[in-house]
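K.L.:
This is what each chain is made of:
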Amino acid sequence: MNLDTLLLGVADGVSYASLLFLMSLGLTLIFGVLGVLNIAHGSLYAFGGYTAASITSFVMRHDLASTPMLFAVLLLAAVIVGVVMGLVLEVGLLRYFQNKDPVLQLLVTFAAFVIFEDLQKLIWGTSPYSAGELVTRLGTIEVFNVTYTTYQVLVIPCIALISYLGLNFFLKKTSLGKQTVAITHHREVATALGINAKKIATLVFVLGAVFGALGGALAVPVSSLSPGIGAEMIVVSFTVVATAGLGQVTGALITSLMIGLARSMAVYVAPEFEVAMPYIIMLGVLLLRPNGLFTVAQARRI
Amino acid sequence: MRFGIFSMALALGLMAIGLFFPWMKTIGILGLCYGLASLGVALPARAGQVSFGHAMFACVSAYAVAFIAKAFPHWDGVVLIALGVSVSTLFAALLGLFMVRYRGIFFGMLNLAVSMVIVALLGKLYALTGGSDGIRVDRPTFFGLVTERSEFETILLGFMLLVSLGCGWFYQRFIHSASGEALSGLKTNETRLEYLGLSAHRVLWVGYVISGFFLSLAGAVFALAQGLVTPDMGSWTRSGEFVFIMILGGINHALGAFVGAGIFELVKLAASAYMAGVWQLLLGVTLLVVIVVAPEGIIGALEKRKSKKQGDPA
Numbered sequence: 001m002n003l004d005t006l007l008l009g010v011a012d013g014v015s016y017a018s019l020l021f022l023m024s025l026g027l028t029l030i031f032g033v034l035g036v037l038n039i040a041h042g043s044l045y046a047f048g049g050y051t052a053a054s055i056t057s058f059v060m061r062h063d064l065a066s067t068p069m070l071f072a073v074l075l076l077a078a079v080i081v082g083v084v085m086g087l088v089l090e091v092g093l094l095r096y097f098q099n100k101d102p103v104l105q106l107l108v109t110f111a112a113f114v115i116f117e118d119l120q121k122l123i124w125g126t127s128p129y130s131a132g133e134l135v136t137r138l139g140t141i142e143v144f145n146v147t148y149t150t151y152q153v154l155v156i157p158c159i160a161l162i163s164y165l166g167l168n169f170f171l172k173k174t175s176l177g178k179q180t181v182a183i184t185h186h187r188e189v190a191t192a193l194g195i196n197a198k199k200i201a202t203l204v205f206v207l208g209a210v211f212g213a214l215g216g217a218l219a220v221p222v223s224s225l226s227p228g229i230g231a232e233m234i235v236v237s238f239t240v241v242a243t244a245g246l247g248q249v250t251g252a253l254i255t256s257l258m259i260g261l262a263r264s265m266a267v268y269v270a271p272e273f274e275v276a277m278p279y280i281i282m283l284g285v286l287l288l289r290p291n292g293l294f295t296v297a298q299a300r301r302i
Numbered sequence: 303m304r305f306g307i308f309s310m311a312l313a314l315g316l317m318a319i320g321l322f323f324p325w326m327k328t329i330g331i332l333g334l335c336y337g338l339a340s341l342g343v344a345l346p347a348r349a350g351q352v353s354f355g356h357a358m359f360a361c362v363s364a365y366a367v368a369f370i371a372k373a374f375p376h377w378d379g380v381v382l383i384a385l386g387v388s389v390s391t392l393f394a395a396l397l398g399l400f401m402v403r404y405r406g407i408f409f410g411m412l413n414l415a416v417s418m419v420i421v422a423l424l425g426k427l428y429a430l431t432g433g434s435d436g437i438r439v440d441r442p443t444f445f446g447l448v449t450e451r452s453e454f455e456t457i458l459l460g461f462m463l464l465v466s467l468g469c470g471w472f473y474q475r476f477i478h479s480a481s482g483e484a485l486s487g488l489k490t491n492e493t494r495l496e497y498l499g500l501s502a503h504r505v506l507w508v509g510y511v512i513s514g515f516f517l518s519l520a521g522a523v524f525a526l527a528q529g530l531v532t533p534d535m536g537s538w539t540r541s542g543e544f545v546f547i548m549i550l551g552g553i554n555h556a557l558g559a560f561v562g563a564g565i566f567e568l569v570k571l572a573a574s575a576y577m578a579g580v581w582q583l584l585l586g587v588t589l590l591v592v593i594v595v596a597p598e599g600i601i602g603a604l605e606k607r608k609s610k611k612q613g614d615p616a
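Protein chains in written order, with the working numbering: chain A, 1 to 302; chain B, 303 to 616.
Do not take every clue at face value.
Which residues of chain A face chain B? A few of them, derived with a C-beta cut under 8 Å, are [as the list claims (entries may be wrong)]:
{"id": "1", "residue": "L107"}
{"id": "2", "residue": "F110"}
{"id": "3", "residue": "A111"}
{"id": "4", "residue": "V114"}
{"id": "5", "residue": "K121"}
{"id": "6", "residue": "W124"}
{"id": "7", "residue": "V275"}
{"id": "8", "residue": "I280"}
{"id": "9", "residue": "L283"}
{"id": "10", "residue": "V285"}
{"id": "11", "residue": "L286"}
Cross-link-like lysine-lysine pairs, in silico, DSS-like; alpha carbons within 25 Å at most [to be verified]:
{"id": "12", "chain 1": "B", "residue 1": "K570", "chain 2": "A", "residue 2": "K121"}
{"id": "13", "chain 1": "A", "residue 1": "K198", "chain 2": "A", "residue 2": "K172"}
{"id": "14", "chain 1": "A", "residue 1": "K100", "chain 2": "A", "residue 2": "K121"}
{"id": "15", "chain 1": "A", "residue 1": "K173", "chain 2": "A", "residue 2": "K100"}
{"id": "16", "chain 1": "A", "residue 1": "K199", "chain 2": "A", "residue 2": "K173"}
{"id": "17", "chain 1": "B", "residue 1": "K610", "chain 2": "A", "residue 2": "K100"}
{"id": "18", "chain 1": "A", "residue 1": "K199", "chain 2": "A", "residue 2": "K172"}
{"id": "19", "chain 1": "B", "residue 1": "K489", "chain 2": "A", "residue 2": "K100"}
{"id": "20", "chain 1": "A", "residue 1": "K199", "chain 2": "A", "residue 2": "K178"}
{"id": "21", "chain 1": "B", "residue 1": "K606", "chain 2": "A", "residue 2": "K100"}
{"id": "22", "chain 1": "A", "residue 1": "K198", "chain 2": "A", "residue 2": "K178"}
{"id": "23", "chain 1": "B", "residue 1": "K606", "chain 2": "B", "residue 2": "K489"}
Every beta carbon over 10 Å from chain B, so not counted as near; a handful from chain A, in silico [stated by the list, open to error]:
{"id": "24", "residue": "T67"}
{"id": "25", "residue": "P157"}
{"id": "26", "residue": "E188"}
{"id": "27", "residue": "A192"}
{"id": "28", "residue": "F273"}
Since the hints were made in silico from the structure, they are not lab data.
Quick caveat, the model's predicted, so the values are computed rather than measured.
Built from N, CA and C at the ideal position, the CB exists for glycine as well.
For reference, chain A alone in the conformation it holds in the complex (with noise of 0.2 Å):
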């Protein structure tokens, strides 16, 4: 492997990761405060994907296709399906299980996954989708003598930073923010102090959705999507969420990068063991630490 492959694997582990980092963020937000690992996600992600995909294309027949306007429809989709599901999800169906066995919980997240996955197919069927327009439009860009795409190596990354530096802003600075790490700490608690925790989860739900469906609105011009793509990706980003430990969005950052590098250096080194990298990374992480990298210890409830 010469330096050139290294710099190539380097930016598209980068922007692989970013992707992910977006998806991984969502979940473990959700986790957080919810307590639910969200299996939808993956269709949020899928879903976000295909919206964002059939918009371009409208867009693009109506010769509206300006370059900001590309780049406004990939984040009108991620909002809209964000929200529209994030709605559905929470409000009318996680929202019933709130106390129940938290395997039921899971499960529940389970049956919406797979019946999304059906949705998924209704609507958009099962030939794969791409636009790879906006790549094109934004041109290239040269870094130590290897040539790449701007989008890849500058925009995905940029929106993975700016969406993890405006949580931590949230989380840390405004006062909705705190209500949320508050719960996350001791939900009862917290609703005794007169934090409306049911408003909270719904908006953290949304919010984490939207992330979920960003994450692959920003795939569809530089991949196509197909079936089977949110089951792939919810399990890779449980990987990461598991490897940084449960509700770390620091940690969750540094994970994907890990895991986005190394599954990118992989495919120039070993590419049979590709798609299994991050499994491979998790379970060696959690051998070793058993509840995550990143975890801190915590006092135990009984």
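With chain A's structure known, arrange chain B on it following the hints.
P.N.:
Just chain B now, with coordinates in the frame of chain A:
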């Protein structure tokens, strides 16, 4: 007790159906494999641990059968099953040492992760495994008998019925034994279990290995019945189907898994005939309905009605 007699009647009925309607034989065998596999998934579930990757044991066992059958074409089907099950159960015993340290979501998703690694490797190592096309398993002799396809299926159906009854009986014995009760205790309160002097890890490990054994058995028979093994056998959708059947039937009695599998096969048959595109949707909705209406499954609901009728407070 009543469920036990009912199970035997059901087994005889199924054998009769197989003899009178030969096209039902394959469905019967595969359905029993699904039931046995779900019975395996039910054991960790009794400890409150739902696995989304258990299909890997069926997959490993099926591939072991296929590899051995390819290397030694003249070995008997029973030997193949025994060897496949041994390999895969050993694998479950080793993996169990790692898995029993995790609970809840981690347990479920770690099993899923390992199964994904296995499926990915089986699909990618083309030269060795034939990739996603899988490996063909030629029909072996069975108990030394050289048979036609139809006879082979009849024998396999009978064999599988006996195996299912045996495993069901063993499941009932196990869950009411000290180890089995300790396994349920793990769900209720793990700390108390440890205070009783029992190792929670060890208790769950025993359950995990038996569960792996059931799945391996199902996978080995599945491989012979289908004559083909593919990486699909270990996919997360397969594991999800096992979990679905388990929830549908209920885990309070071994019969639950098989009744669940029967209903599952019928719904699948109906869906493939009338609503091919929305099969998974139907599955998801049914799962939601069962969780809301009968969280203990069909068997649990039946038991509840029975105890209500007798005015029994339990």
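K.L.:
Are the hints correct? Go through all of them and say.
P.N.:
Hints versus structure:
no. : hint               : result
1   : L107               : holds (6 Å)
2   : F110               : holds (7 Å)
3   : A111               : holds (4 Å)
4   : V114               : holds (4 Å)
5   : K121               : holds (7 Å)
6   : W124               : violated (13 Å)
7   : V275               : holds (4 Å)
8   : I280               : holds (7 Å)
9   : L283               : holds (7 Å)
10  : V285               : violated (11 Å)
11  : L286               : holds (7 Å)
12  : B:K570 with A:K121 : holds (18 Å)
13  : A:K198 with A:K172 : holds (20 Å)
14  : A:K100 with A:K121 : violated (31 Å)
15  : A:K173 with A:K100 : violated (33 Å)
16  : A:K199 with A:K173 : holds (19 Å)
17  : B:K610 with A:K100 : holds (24 Å)
18  : A:K199 with A:K172 : holds (19 Å)
19  : B:K489 with A:K100 : holds (14 Å)
20  : A:K199 with A:K178 : holds (14 Å)
21  : B:K606 with A:K100 : holds (20 Å)
22  : A:K198 with A:K178 : holds (15 Å)
23  : B:K606 with B:K489 : holds (21 Å)
24  : T67                : holds (38 Å)
25  : P157               : holds (26 Å)
26  : E188               : holds (20 Å)
27  : A192               : holds (26 Å)
28  : F273               : violated (8 Å)
Figure legend: structure checked against the earlier numbered hints; hints not met, in rising order: 6, 10, 14, 15, 28.
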